[in-house]
Amino acid sequence: MNEAILRVEGLEKFFGGLRAIDTLDFTVAAGKIKSIIGPNGAGKTTLFNLVTGVFPLTRGVIEFQGRAIHGLKAHAIARLGISRTFQTLELFGNMTVLENVMLGRHSRSSAGIFSAGLRLPGMQKEEKEIREKALAELQFMGLGDKSSGGATSLPLGEQKLLEIARALATQPKLLLLDEPAAGLNMRETGNLSETILKIRDRGITILLVEHDMSLVMEVSDEVLVLHYGRKIADGLPRDVQRNREVIAAYLGEEAEDA
Amino acid sequence: MSRKDFWPLLFITLGIAVFPIVAGGSEYSISLLVFLGINGLTTMGLSLLMGYAGQISLGHAAFYGIGAYSSGILTTKYSIHPLIAFLAGIFLSAIVAFLVGKPTLRLRGHYMAVATLGFGEILFILFNELSPLTGGPSGLSGIPALTFLGQPIEGSAYLYLVWAFVILVLIFSLNLINSRVGRALRAVHGSELAANAMGVDASRYKVQVFVVSAIYASMAGSLYAHFVTFISPSSFSLMFSILLLMMVVIGGTSTIWGSLLGAAVLTLLPEYLRAFEDFDVLVYGIILMVVLLFMPQGILEGLRGFMERKRGSQSKSHE
Numbered sequence: 001m002n003e004a005i006l007r008v009e010g011l012e013k014f015f016g017g018l019r020a021i022d023t024l025d026f027t028v029a030a031g032k033i034k035s036i037i038g039p040n041g042a043g044k045t046t047l048f049n050l051v052t053g054v055f056p057l058t059r060g061v062i063e064f065q066g067r068a069i070h071g072l073k074a075h076a077i078a079r080l081g082i083s084r085t086f087q088t089l090e091l092f093g094n095m096t097v098l099e100n101v102m103l104g105r106h107s108r109s110s111a112g113i114f115s116a117g118l119r120l121p122g123m124q125k126e127e128k129e130i131r132e133k134a135l136a137e138l139q140f141m142g143l144g145d146k147s148s149g150g151a152t153s154l155p156l157g158e159q160k161l162l163e164i165a166r167a168l169a170t171q172p173k174l175l176l177l178d179e180p181a182a183g184l185n186m187r188e189t190g191n192l193s194e195t196i197l198k199i200r201d202r203g204i205t206i207l208l209v210e211h212d213m214s215l216v217m218e219v220s221d222e223v224l225v226l227h228y229g230r231k232i233a234d235g236l237p238r239d240v241q242r243n244r245e246v247i248a249a250y251l252g253e254e255a256e257d258a
Numbered sequence: 001m002s003r004k005d006f007w008p009l010l011f012i013t014l015g016i017a018v019f020p021i022v023a024g025g026s027e028y029s030i031s032l033l034v035f036l037g038i039n040g041l042t043t044m045g046l047s048l049l050m051g052y053a054g055q056i057s058l059g060h061a062a063f064y065g066i067g068a069y070s071s072g073i074l075t076t077k078y079s080i081h082p083l084i085a086f087l088a089g090i091f092l093s094a095i096v097a098f099l100v101g102k103p104t105l106r107l108r109g110h111y112m113a114v115a116t117l118g119f120g121e122i123l124f125i126l127f128n129e130l131s132p133l134t135g136g137p138s139g140l141s142g143i144p145a146l147t148f149l150g151q152p153i154e155g156s157a158y159l160y161l162v163w164a165f166v167i168l169v170l171i172f173s174l175n176l177i178n179s180r181v182g183r184a185l186r187a188v189h190g191s192e193l194a195a196n197a198m199g200v201d202a203s204r205y206k207v208q209v210f211v212v213s214a215i216y217a218s219m220a221g222s223l224y225a226h227f228v229t230f231i232s233p234s235s236f237s238l239m240f241s242i243l244l245l246m247m248v249v250i251g252g253t254s255t256i257w258g259s260l261l262g263a264a265v266l267t268l269l270p271e272y273l274r275a276f277e278d279f280d281v282l283v284y285g286i287i288l289m290v291v292l293l294f295m296p297q298g299i300l301e302g303l304r305g306f307m308e309r310k311r312g313s314q315s316k317s318h319e
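Residue numbers (my numbering), protein chains in the order written: chain A, 1 to 258; chain B, 1 to 319.
You may find that some hints are simply not true.
[As the list claims (entries may be wrong)] These stretches of chain A come out as covered by chain B in the derived footprint (C-beta under 8 Å, 3 or more residues):
(1) 7 to 21
(2) 61 to 75
(3) 79 to 86
(4) 118 to 132
Just so you know, these hints were derived from the structure itself, not from any lab. For every residue, glycine included, the Cβ atom is placed at its ideal position computed from N, Cα and C.
Required output: the full structure, derived from the provided sequences and hints.
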């Protein structure tokens with residue numbers, strides 16, 4: 001077993017009286033793909049938002065590469081090497097496809113107001129590098145020929161891929177994908193699973209929230225099941241699939257005979 | 001700066017260069033263009049702030065005032081070199097902008113507008129009450145003209161000086177928005193959630209842009225003070241902040257060029273409306289309302305849309 005890149009311990013999140021995450025413990029092994037599944041409202045996206053610093057946790061510890069990251073601001077967490085996509089697309093509609101991905105290079109570049117305004121040589125060199133890296137990620141995601149159009153004028157499937165390209169451009173060590181297959185057709189989902197494996201082969205650890213079970217079972221090294229903010233199973237995909245509590249939570253009691 | 005900005009830039013530079021020769025160099029027309037340039041300096045900063053950082057300032061007249069009074073006070077009362085006074089104004093404006101912006105720009109929403117409104121009023125009171133320095137409501141006179149090698153800079157030379165600033169600030173601003181910083185600002189505008197998740201420290205860039213816009217306004221104020229040689233608080237009131245805002249909105253917040261166009265329209269329009277005598281304010285108001293009704297994106301975008309439609313219908317009729 002590889003060492004854990006992400007470690008969550010005793011995590012709790014309350015929204016007023018609602019317990020969205022309930023004393024949750026789990027780890028994500030470096031270089032692996034871990035999926036988080038569970039019915040709607042199980043707390044999957046909340047978990048992503050806690051890990052990426054969108055809002056503060058109520059109690060508990062989140063450690064990334066041995067360093068506590070809860071309490072850091074979202075942009076600081078991104079800089080450490082955690083990137084994500086969004087369940088509801090959050091592309092920059094006022095920018096082109098290429099610019100969206102170039103923005104992903106933000107924390108890996110440094111030009112400030114004055115070097116940018118004066119177009120100092122260092123900034124121009126950096127800008128060229130940003131463009132090349134962004135184009136490379138677009139190509140990796142199969143969007144190489146779409147770079148100059150507006151980001152939100154792409155079809156839905158390609159917008160999802162663009163969000164992944166943008167997240168990859170940040171050079172993450174850990175990538176959080178929030179329902180990347182939602183709204184995709186069968187063929188697109190097939191391509192997506194290949195892409196996810198290709199991303200892992202680049203050495204990037206992946207945490208995946210997904211409802212498409214065939215995709216989850218195909219790519220995951222481990223699966224964590226959440227139900228009302230509580231962990232009800234955590235382990236190898238085939239073990240989780242056979243777990244009675246999981247089946248009950250997902251399909252209701254009658255499915256046990258199946 | 002991108003390639004499409006090159007021709008308009010060249011056009012403006014040449015236009016200003018030949019203007020005094022073509023127009024015969026009447027003092028009136030030159031002073032109008034000087035005021036246009038001075039207002040344009042401030043509106044370009046406001047355009048960065050509004051169109052790119054998505055923040056509204058109701059206090060830019062105060063930064064303009066800081067520049068004007070720094071130049072006025074330091075040169076008349078302390079005989080300090082105008083260039084040093086100019087830089088002192090910039091420095092002071094930048095620090096004040098940082099102190100006002102840092103706490104307010106962390107918050108989402110219109111806190112910035114309210115904070116700058118209050119800040120502008122405080123400065124307006126200071127300009128009035130610090131009469132030993134500012135001359136109070138009756139103003140500060142005798143501000144020396146700028147000189148170059150012992151020769152006063154006046155008339156068309158002052159026009160060139162002001163527009164050299166305008167063009168340099170324009171290039172700086174265009175460079176800025178086509179860079180990592182500009183992308184970060186636009187990203188914050190597009191989706192602050194995603195921008196943060198991609199490593200953009202949104203509040204940091206908002207503060208930086210606010211400081212830059214205050215510096216532009218301060219430069220404009222200094223240039224104004226040396227041009228008119230007399231300043232009084234009434235030039236730096238809330239009304240002027242609102243007028244500057246109007247220029248940006250009328251021209252179009254989405255581009256730097258729009259803010260410059262807006263400055264041109266609202267600087268020149270009142271002059272042409274003099275023919276209406278007592279009704280000039282009424283006509284002015286009607287024109288502004290009509291522009292915003294039919295071109296809610298501002299004149300620049302409105303014209304662009306009109307041209308595209310015209311081109312579209314032409315190409316259709318050729319088919």
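Okay, the hints, checked on the actual structure:
Counting residues of the stretch 7 to 21 of chain A whose CB lies closer than 8 Å to any CB of chain B gives 0, so the stated coverage by that chain is violated, three being the minimum. Judged by the Cβ-Cβ criterion of 8 Å, the stretch 61 to 75 of chain A is covered by chain B as claimed, because 3 of its residues qualify and three suffice. Here's how the stretch 79 to 86 of chain A fares: 4 of its residues keep a CB closer than 8 Å to some CB of chain B, so the rule of at least three is met and the hint holds. Given a C-beta distance limit of less than 8 Å, the hint that chain B covers the stretch 118 to 132 of chain A holds, as 6 residues qualify and 3 suffice.
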